[in-house]
Amino acid sequence: MSWSFITYEVVNRIATITLNRPDKRNALNDGVVKELIAAFTEAGKDSAVKVIVLAANGEAFCVGADLEYLQQLQRNTYEENLADSRQLMELMQLIYSHEKTVIARIEGHAIAGGCGLATVCDLSYAVPDAKFGYTEVKIGFVPALVSVFLVRKIGEGRARALMLTGKLISAEQAVQMGLINGVAAPGQIHDLVQQLAEDLCTGASANSLSLTKKLVANALDLPMQQALEEAAKINALTREHPDCREGIRAFLHKEKPGW
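Numbered by the numbering used here, the letters in the sequence shown go through residues 82 to 340 in order.
By construction, these hints were calculated from the structure, which means they are not laboratory data. Only a predicted model underlies this, so the values are computations on that prediction, with no experimental measurement involved. Errors might be hidden in some of the hints.
As the list claims (entries may be wrong) - DSS-like mimics (lysine-lysine), calculated; alpha carbons at most 25 Å apart, straight line:
| # | residue 1 | residue 2 |
| --- | --- | --- |
| 1 | Lys105 | Lys115 |
| 2 | Lys181 | Lys295 |
| 3 | Lys234 | Lys105 |
| 4 | Lys181 | Lys314 |
| 5 | Lys294 | Lys337 |
| 6 | Lys234 | Lys294 |
| 7 | Lys219 | Lys234 |
| 8 | Lys105 | Lys314 |
| 9 | Lys294 | Lys181 |
| 10 | Lys314 | Lys335 |
| 11 | Lys248 | Lys126 |
| 12 | Lys219 | Lys248 |
| 13 | Lys115 | Lys126 |
| 14 | Lys212 | Lys126 |
| 15 | Lys295 | Lys248 |
| 16 | Lys105 | Lys219 |
| 17 | Lys337 | Lys181 |
| 18 | Lys234 | Lys181 |
| 19 | Lys126 | Lys294 |
| 20 | Lys212 | Lys248 |
| 21 | Lys314 | Lys295 |
| 22 | Lys126 | Lys105 |
| 23 | Lys234 | Lys295 |
| 24 | Lys314 | Lys294 |
Stated by the list, open to error - Derived Cβ-Cβ restraints for the label pairs, each shown as a range:
| # | residue 1 | residue 2 | range |
| --- | --- | --- | --- |
| 25 | Thr246 | Glu180 | 43 to 51 Å |
| 26 | Glu90 | Gly112 | 36 to 44 Å |
| 27 | Gly221 | Ser178 | 28 to 36 Å |
| 28 | Glu180 | Met82 | 15 to 23 Å |
All residues carry an ideal CB built from backbone N, CA and C; glycine is no exception.
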């Protein structure tokens, strides 16, 4: 597939999906969202991919919707805006529930929809100068879709504070809130994320990573007893999986598993 707004490459089982609108500060529009959905879907189907890195070219990671897109939304009917919202919902849900681990490498501001993308990734790392925030209320809009994921990630109180004020926070503050996982210098963040991705590729079972993500989601989605029942079933099924057998075999023989 040819890409207009992103780049996509797979090297050593790591798929890197890169926002590629540096002149627009990687702002979102209908085309960007569609290409991101297509890229994450492709990575999900590719058996050669084990980990996905979401990155961006230019000075900003993503600053939300671009001006032309916002102007178009004002001309849309309710039905058109609902369809557009559901498309963004599809993207966020796809990243959040993706069977493969998704790591965000954030080398610039992640604001509004851009902060939403960082929110739904499994792991996120940023440079010190990056700013984060859900600024929608400042233009009469609402951080509607991301609110569902943000409350789950950092809790109601912190989510309310960020979304109601539209305040921008530093990368260090984002770490303290649990919004992102760490901060690395511009000259180090590539290596940090690359090493993490490689470690996941070689040091963890793809089946285990996928099921662990499911367990976390179930713990939040289901009543406790039902979540425990699902966990017990997943536990039992995992024991029969080839990855588990290989992991135990390698452990007993003091070898590296062939994942």
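Hints, one by one, checked against the model:
With a C-alpha separation of about 17 Å, the suggested pairing of Lys105 with Lys115 holds against the 25 Å cut-off. For the suggested pair Lys181 and Lys295, the alpha carbons sit about 11 Å apart, so the restraint of at most 25 Å is met. Between Lys234 and Lys105, the direct Cα distance comes to roughly 29 Å. Violation of the 25 Å bound is thereby established for this hinted pair. As the CA atoms of Lys181 and Lys314 are separated by approximately 21 Å, the hinted pair is consistent with the 25 Å bound.
At most 25 Å may separate the alpha-carbon atoms for a hinted pair to count; Lys294 and Lys337 meet this at roughly 23 Å. With a C-alpha separation of about 13 Å, the suggested pair Lys234 and Lys294 falls inside the 25 Å cut-off, and the hint holds. Of the pairs offered as hints, the one joining Lys219 and Lys234 holds, with about 23 Å between alpha carbons and a cut-off of 25 Å not exceeded. Between Lys105 and Lys314 the alpha-carbon distance is near 47 Å, which puts this suggested pair outside the 25 Å criterion.
Simply put, Lys294 and Lys181 have alpha-carbon atoms about 9 Å apart, close enough for the 25 Å limit, and the pair holds. Between Lys314 and Lys335 the CA atoms are separated by roughly 29 Å; this puts the pair beyond 25 Å, and the hint is violated. Between the alpha carbons of Lys248 and Lys126 the distance comes to roughly 38 Å, so the proposed pair goes past 25 Å and is violated. Among the hinted pairs, Lys219 with Lys248 is consistent with the structure: their alpha-carbon atoms are about 9 Å apart, no more than 25 Å.
Restraint check for Lys115 and Lys126: the C-alpha separation of about 17 Å stays at or below 25 Å, so the hint holds. For the given pair, Lys212 sits about 33 Å from Lys126 by alpha-carbon distance, which is inconsistent with the 25 Å threshold. In summary, the hint linking Lys295 to Lys248 is not supported, as the alpha carbons are separated by about 32 Å, beyond the 25 Å threshold. Distance hint between Lys105 and Lys219 is fulfilled; the C-alpha atoms sit about 20 Å from each other, no more than 25 Å.
A C-alpha spacing of about 21 Å is found between Lys337 and Lys181, which places the hinted pair at or below 25 Å, so the restraint holds. Between Lys234 and Lys181 the alpha-carbon distance is near 18 Å, which keeps this suggested pair within the 25 Å criterion. The hinted pair formed by Lys126 and Lys294 meets the criterion: a straight-line CA distance of about 17 Å does not exceed 25 Å. Between the alpha carbons of Lys212 and Lys248 the distance comes to roughly 10 Å, so the proposed pair stays at or under 25 Å and holds.
Distance hint between Lys314 and Lys295 is fulfilled; the C-alpha atoms sit about 12 Å from each other, no more than 25 Å. Annotation: proposed proximity of Lys126 to Lys105 is violated, straight-line Cα distance about 30 Å (limit 25 Å). Straight-line distance between C-alpha atoms of Lys234 and Lys295 comes to about 15 Å, which keeps the hinted pair within the 25 Å bound. For the proposed pair Lys314 and Lys294, the alpha carbon gap of about 15 Å is at most 25 Å, so the pair holds.
In this structure, Thr246 and Glu180 break the distance hint of 43 to 51 Å, their C-beta atoms being roughly 35 Å apart. Checking the proposed 36 to 44 Å range against Glu90 and Gly112 shows it is violated: the Cβ atoms sit about 19 Å from each other. The supplied range of 28 to 36 Å is met by Gly221 and Ser178, whose beta-carbon atoms lie about 30 Å from each other. At roughly 20 Å, the beta carbons of Glu180 and Met82 sit within the given window of 15 to 23 Å.
When each numbered hint is compared with the structure, violations occur for hints 3, 8, 10, 11, 14, 15, 22, 25, 26.
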